[in-house]
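4 protein chains.
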Amino acid sequence: MIIITRPDISDDELDHIRERVESAGLHTHLSRGEHRTIIGCIGDESRLQELPLRTLPGVESVVPVLKPYKRASREFSVDRTVVQIGAGATIGGKSIAMIAGPCSVENREMLHETAVAVRDAGATVLRGGAFKPRSSPYSFQGLGREALRLLVEVRAATGLPVVTEVLDTRDVDLVAEHADMLQVGARNMQNFALLAELGRAKRPILLKRGMSATITELLMAAEYIMANGNDAIVLCERGIRTFERATRNTLDVSAIPVLKRETHLPVIVDPSHAGGDASLVGPLSFAGIAAGADGLIVEVHPDPESALSDGDQSLAPSAFAALMDRLSAFAVAAGRTVAVPAGAPA
Amino acid sequence: MIIITRPDISDDELDHIRERVESAGLHTHLSRGEHRTIIGCIGDESRLQELPLRTLPGVESVVPVLKPYKRASREFSVDRTVVQIGAGATIGGKSIAMIAGPCSVENREMLHETAVAVRDAGATVLRGGAFKPRSSPYSFQGLGREALRLLVEVRAATGLPVVTEVLDTRDVDLVAEHADMLQVGARNMQNFALLAELGRAKRPILLKRGMSATITELLMAAEYIMANGNDAIVLCERGIRTFERATRNTLDVSAIPVLKRETHLPVIVDPSHAGGDASLVGPLSFAGIAAGADGLIVEVHPDPESALSDGDQSLAPSAFAALMDRLSAFAVAAGRTVAVPAGAPA
Amino acid sequence: MIIITRPDISDDELDHIRERVESAGLHTHLSRGEHRTIIGCIGDESRLQELPLRTLPGVESVVPVLKPYKRASREFSVDRTVVQIGAGATIGGKSIAMIAGPCSVENREMLHETAVAVRDAGATVLRGGAFKPRSSPYSFQGLGREALRLLVEVRAATGLPVVTEVLDTRDVDLVAEHADMLQVGARNMQNFALLAELGRAKRPILLKRGMSATITELLMAAEYIMANGNDAIVLCERGIRTFERATRNTLDVSAIPVLKRETHLPVIVDPSHAGGDASLVGPLSFAGIAAGADGLIVEVHPDPESALSDGDQSLAPSAFAALMDRLSAFAVAAGRTVAVPAGAPA
Amino acid sequence: MIIITRPDISDDELDHIRERVESAGLHTHLSRGEHRTIIGCIGDESRLQELPLRTLPGVESVVPVLKPYKRASREFSVDRTVVQIGAGATIGGKSIAMIAGPCSVENREMLHETAVAVRDAGATVLRGGAFKPRSSPYSFQGLGREALRLLVEVRAATGLPVVTEVLDTRDVDLVAEHADMLQVGARNMQNFALLAELGRAKRPILLKRGMSATITELLMAAEYIMANGNDAIVLCERGIRTFERATRNTLDVSAIPVLKRETHLPVIVDPSHAGGDASLVGPLSFAGIAAGADGLIVEVHPDPESALSDGDQSLAPSAFAALMDRLSAFAVAAGRTVAVPAGAPA
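Chains as they are written, first to last, in our numbering: chain A, 1 to 346; chain B, 347 to 692; chain C, 693 to 1038; chain D, 1039 to 1384.
Please keep in mind that the hints were generated in silico from the structure rather than gathered at the bench.
Please note that a few of the clues may not be correct.
With a straight-line Cα cutoff of 30 angstroms, these simulated DSS-like cross-link-like pairs (lysine-lysine) come out [claimed, not checked]: (1) Lys1108(D) / Lys1132(D); (2) Lys786(C) / Lys894(C); (3) Lys894(C) / Lys952(C); (4) Lys260(A) / Lys70(A); (5) Lys894(C) / Lys413(B); (6) Lys67(A) / Lys1105(D).
Pair ranges (Cβ atoms, derived) [what the hints assert, rightly or not]: (7) Ser139(A) / Arg1283(D): 18 to 26 angstroms; (8) Ala157(A) / Asp519(B): 20 to 28 angstroms; (9) Asp519(B) / Glu177(A): 22 to 30 angstroms; (10) Ser1115(D) / Asp700(C): 52 to 60 angstroms.
Short derived list, chain C residues pointing at chain A, Cβ under 8 angstroms [unchecked claim]: (11) Arg739; (12) Leu740; (13) Asp944; (14) Ala1021; (15) Phe1022.
Fair warning: this is a prediction, and the values are worked out from it, not measured in the lab.
All residues carry an ideal CB built from backbone N, CA and C; glycine is no exception.
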C-alpha cells in the first residue's frame, strides 16, 4: 500500500501515520518528492485493509498495490480452470459451452420440448428457473420444488446436465441435490450469506455479475465462494446498468478480455439479459465469442409469446438453431470450436 | 398499458396484438394517428405484465400507464406513515429522527460509550452491525449473536431502541428477537427471499436503496415486504453508483422529494455511506434535511482511527455532537424539529 | 404524443390540457380507463415539442410517439447509406472499412511511415490528428495547420484519403480544404454550432458518440448536420462512461445492432478509445465486427512508447498487421469482406 | 508519479522503465516490497503526462501523485475567489448569489417583466438565453443578436447585470460586448476551442459541469480558461447523468463540499436543469445551499406554460418569490446571508 501525503503535512502527522502502519506489522519507507512525501508500506498489505488510513491527518490518498482477490487471480493458478458440469459438459476449454433453456420451468412438456430442441441444436447444458427473482411480488415466482423435479426428469430423458438459480441459503442443499450447477443471479452477487453457503456446496457455481458491480467486485464475489471451499466457478457477464435506455442493460464486452487477464476462471456471456430483446441475442452472442468468451447462456422458449417470464428476450427453438448455425464461424475465427450437436451426423 | 405500433404494421399484426391483450381479459381501443396507430389497453393492467408484448410483430414500444407498486404508493394511504421503533422512537413525523452508532459492534465498552454519547447529543435510535456484509471474505464479518446480546444490554442501559442488519433468511427470527428494527442493506435490496421473510417479521424494516436501484425498484422492494404482511418500512437513500470517483457514492438528494411525491413511507438519508468520508457527513446531512428527509443514519465510533470497519467515514462522538448542533437550524428551516437530547435541560 | 393523466384529474384540468394541445393545431382523443384517462394527440407532433405539457396540472406523464429524428431514421431511406471518402474509399457497403493512423500527426516521417504500414496491412483511410482536444491545457495540442499540410502530402504519396478532427467552427473551411473527411470528437458531439457548420461543409463527417450520449442523442447530432445540408455521415461508437474503472470507457457493443435498426447511416467502432489499452484493441475490434459494425478506426504509431498522445492505446504497425490478419475471419463470419491490402498479390 | 510493477517483472524491463522516466528529466527511486517493486518518480510530474508508461512491459499500473490542475487548485490561492459580475453583484462571498431569469429571451416584454420580478424577490443577476443549445435542429434556437440587445436594454432598466450563454468561438467578442458574464453550457464544458477563447475574454465565466464530467474534469475545464488568461470563473453543478430516470439529471450535491475542498473558485447550483421539474426546484435549492453552495441559478418565466423552452422546469415569478422567502432560513443555517431584495424596505 502506498500513502500519498498532503503538501502541508507536519512531522507529527507523518510520524503518526507511520506508527499506525507499523503497529499492523508492516515496515514503512519514505520517498520525499518535490511536492509530496510518499509512504510505502512493505509487508502483509491485507492487515491494512481494515485501517482507516485515508482520513488520518496529513493523508491525501491511499493506493493499494495488491489486488484484493487471491484464489481468483490469474497468478493463483498456472492453468485456466475448466469447470465440469455433470458427467459430460465442461466450461472453459477450447470448445464453446452453450447453456440454453427457458427462463422459467413452466411445465413438463415445455421443458422437455425445449431441452430436446436445444440439445439437438448443440447446447450442452440445460437452464431452467425454479425459484425466480422477480422485481414484483405479484409476478410469477417459479414452480419451486416442482420445477426441480422436472429438471431431474428432463435431464434423465435428454442427457443434458442442468443449471438453476438458488435465491435462499435455506434452499442450497435442496437445489444442489437436484441440479448439476447452481446459479447466483445478478441481484444476489453480493448476497454474502448465500455466497458463503455456496462455498460449502458440492456443485459448480454460475456466478452472474451484478448490474452495477465492478469487475473487481465480481472477482471478490468469486473469492467469497472459493474462500469457503468451492473452486468450481464460472463467471457470467450479463450487462451492466448505464444511462443508455435503448437496451435493457449494456453488455460490457470489454469485461471478457479484462477477466481473461485477471483470473483463471472461465467467463461466459448472457446475451438474453444483456440486451433484453430477442433480436439482439444474435449480435451480442457473436460479439461475446469474438471477444473471447468461453460460452453463452441463452433463453429459449417453445413459444416466446406465451412465456410466463422474459418472453421478450427468449428465442424460439428455430431461432436458437439458426443462432448456433451462424455461431460456429465466429467460434472458429476465435480459435475455438462449438460442440457437435447431439443429433448431428458424426 | 399503451401499445405504440410500427408505421408499417399490417392488419393481421394489429389483430394479433389485440387478441393477445383481450385474451388476458382487457379491452382494446384503437387511436389512429397520421403516422402511428396506438392501442389503448383498458382493464386490469397487471395481467399484461407477464405478456411479452414488446416483441410481437408490429409493436414499436409498450408504455405502462399504472405504477407497478400499490401498497407503497402515495394513493394507497391518505396519511403519511409514521413508523414506531421500540417504545419511544418514531420516524416520519414532524421531528427529525436521528439514528447513530458504530458500523460494527466491536465490544461492550465501545458500544455503550457510543450509545451514551449519541443519546446525549440527540440520537433517538442506536445502530450497530452484528452481521456485516463485507466485500472481502478476509475482512471482519461482525460479532454475530454476541453483538445482538450486546445491543440488548446497551438498549437496557441507555433506553435507545436498536436497529441492526440482517443478511440471511435463517437469521430473521433471531435478529427480530433482539432488535427493534431490522435493516436491509443496499446489497440485499433485491434479495427477494429476504424481503419476503421480513414481510413476515413483527419488526419495522429499514430498507436501504441498492447502489444501482432506481426509485421505482426501491419502492418495489418495499412492496415485496408489504405484500408479505409488514407495512412498517422506512426507506433510506444512501448514495448511488455513478461515474464520479471523488466520493464513494453519489448521494441522490433528488430522490427525497421524488419519494415524498410517490410514497407515504418515511425517507431518511445515510450521509456516511453516501460520501464515504467523515468530512462530507455534515454537508450531506444538511442537504438531506433541507431536501425534506425525515431523518438520518450516521456512523459514530469512539475512536474512528481504530474502527474495525468504516473508520474513514465514522464521526467521533464530539463531531457527532457538533453535527447535531448545526443540524437543528436546518431542521427548523425545513419546518421540522430535532428531538431534545436526553441530557439536555427541559 | 400521448398524455397520461393523474387519477384525480378534474374536468377543468382535462379541458385545459386539451386546449393547450389543440391550440398547437393537433386533435385530441380521450381514452378513459379504469384508473386513468389517456389523451391521444393526433397531428404534427413536432409542434408539441416546445410545449411544457408535463407540468400542466393533472398530467402524470407525457409519452412521445414519434422518434425525434427524421432524416437519420431508417424509414427515411430505403437503402443503407454508403459514404464515399475521397476517390477510392467507402464506408457502409459489404466491405469492412479500416481507418488507421496516429492519434496526432507528430512529423512527416512518422506520418508517412504509419500510412505506408497501415495501407499495406489493408487500411483504406488514414487518420491523423491536427487539432487535438486535450483535457489539459498543458498537454500537446497538435501541430494544427502544419499537420494538415502533412496529411495532404502523405495522401499524395500513399493514395489513402485522410480524416482529421475539427474543433472550432472557424477551422471548418480550412480543414475541409485539406481533409477528405472531417471528424467530430466525442466531446463535441453536442457542439451544435460546430454541427451546423459541418452541415454546410462539402465533406463527409465522422461523428463520434459523446461519452454519455444516448443512441437517440447521437442520432439527433447526425440530424443536426443533415438538417443543415450534409447527408454523408458515419457514426462511431467509441465507448461510453460508466462506473466500471477497469477500462477507459465501456464499449457499448449493443449500440451497433440498435443503430442498424434505427438508422440508414453506417456505423463503425473505435476500439482504441473504448478500451484505452493496446491489449484490448483486438478483442474489441473482433466484437465490433461480429456485432455488425461497418468498420473500425484504430490508432497506430510507429513507436507507441514515444507517442506524444494516446501511446497507451496505440498499436505498433506489426500489431496492426496482426490484427488485420485475424480480423478477416470475423468479417467473413459476419458476412462481410475486408479490403485486399494494397501490397497484397491480386 | 508512482509506477507499480508486475510481480514477474524482469530486470531489463525495470531498467527500461527507469530510463524512460529519467529521459524526461525526473529521478527514480525503487521500493522493493514482498510482492511488488514500486518506482517513485521524483521531479516535474507534468513531463510524464504524455509518456505512455502504463503499457510498458512490466508495468501494472501508474498512479499520479499531483493533481492535474494548478491555478484552479485550493493551494494556488490563499483566499477564496470572489467573482465580480457587472458593477454591483458578486459570487463567492458570504452572501448567497441568486441568478434568475428565463431559459430563453423570447421578447422585450417577458424579459423585462421577469427581470423586475426576480430583482424584487432578491435576485442579483439576470439570466437569459440568446443562443440556445437545443438537442433538436427543429427546436427554437434563440433570438441571437436581438436577444443580446434586449438584455442590454433590460439591464439598463433594472440595474441587474446579465449572464448569457455563448456557443461559438466566433460569437465570444459579440457576447462579451453585451453581457456581464458569459456562460459555458454543460454540453460545451470540454469544447476546448471555446474555453481557450474565453480565457482571452474580459468577462467572468459561468462554467457548467458537463453531464458526465468528473469533478476533476470540471476543474481542468476551468484550468483551460485560467491558463489562457481569465481567472474569474464560477463553477456550476447542474446534475449529472445516471441510470435514474425519475429526474432529468441527478444533482451531485456532494460535488459542492468536494469542490470547496479542491478549489478556491465559487460554486453554484442549477436546480432547474438538475431536476428538470419545477416542483423539485425548491428542495434542490435548499439542499444546494445547505451543502455549502455560493449561489443558485434558477429559471423563471412569467408564464411557464407558454415558454418556448424549458417550461417544465421554470418557476412563475410568484413561485420564485416564495422560494426566496423560504431560502433565507437555509442560508442563515449555513452561515450565509441572502441579499436584501431591491424592493424591500431598508
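The hints, checked one at a time:
1. Distance restraint check for Lys1108(D) and Lys1132(D): the Cα-Cα separation of roughly 25 angstroms lies within the 30 angstroms cut-off, and the hinted pair is therefore satisfied.
2. Between the alpha carbons of Lys786(C) and Lys894(C) the distance comes to roughly 25 angstroms, so the proposed pair stays at or under 30 angstroms and holds.
3. About 25 angstroms separates the Cα atoms of Lys894(C) and Lys952(C), which keeps this hinted pair within 30 angstroms; it holds.
4. This hinted pair checks out: Lys260(A) and Lys70(A) have alpha carbons roughly 15 angstroms apart, not beyond 30 angstroms.
5. For the hint linking Lys894(C) to Lys413(B), the alpha-carbon distance of about 50 angstroms lies beyond 30 angstroms, and the restraint is violated.
6. The hinted pair formed by Lys67(A) and Lys1105(D) meets the criterion: a straight-line CA distance of about 24 angstroms does not exceed 30 angstroms.
7. At roughly 21 angstroms, the beta carbons of Ser139(A) and Arg1283(D) sit within the given window of 18 to 26 angstroms.
8. Between Ala157(A) and Asp519(B) the beta carbon distance is about 41 angstroms. The supplied range of 20 to 28 angstroms is therefore violated.
9. For Asp519(B) and Glu177(A), the hinted distance range of 22 to 30 angstroms is satisfied, since their beta carbons lie about 25 angstroms from each other.
10. Distance hint check for Ser1115(D) and Asp700(C): the Cβ-Cβ separation is about 54 angstroms, which falls inside the suggested range of 52 to 60 angstroms.
11. Violation of the interface hint for Arg739(C) is found here, the shortest Cβ-Cβ separation to chain A being roughly 25 angstroms, above the 8 angstroms cut-off.
12. The closest approach between the C-beta of Leu740(C) and any C-beta of chain A is roughly 21 angstroms, which is over the 8 angstroms cut-off, so the hint fails.
13. For Asp944(C), the shortest C-beta to C-beta distance to chain A is roughly 5 angstroms, which falls under 8 angstroms, so the interface hint holds.
14. Residue-level restraint check for Ala1021(C) holds (minimum Cβ-Cβ distance to chain A is 4 angstroms; threshold 8 angstroms).
15. Look at Phe1022(C): its Cβ gets to within about 5 angstroms of chain A, closer than 8 angstroms, so that hint holds up.
Violated hints for the displayed structure, listed by number in ascending order: 5, 8, 11, 12.
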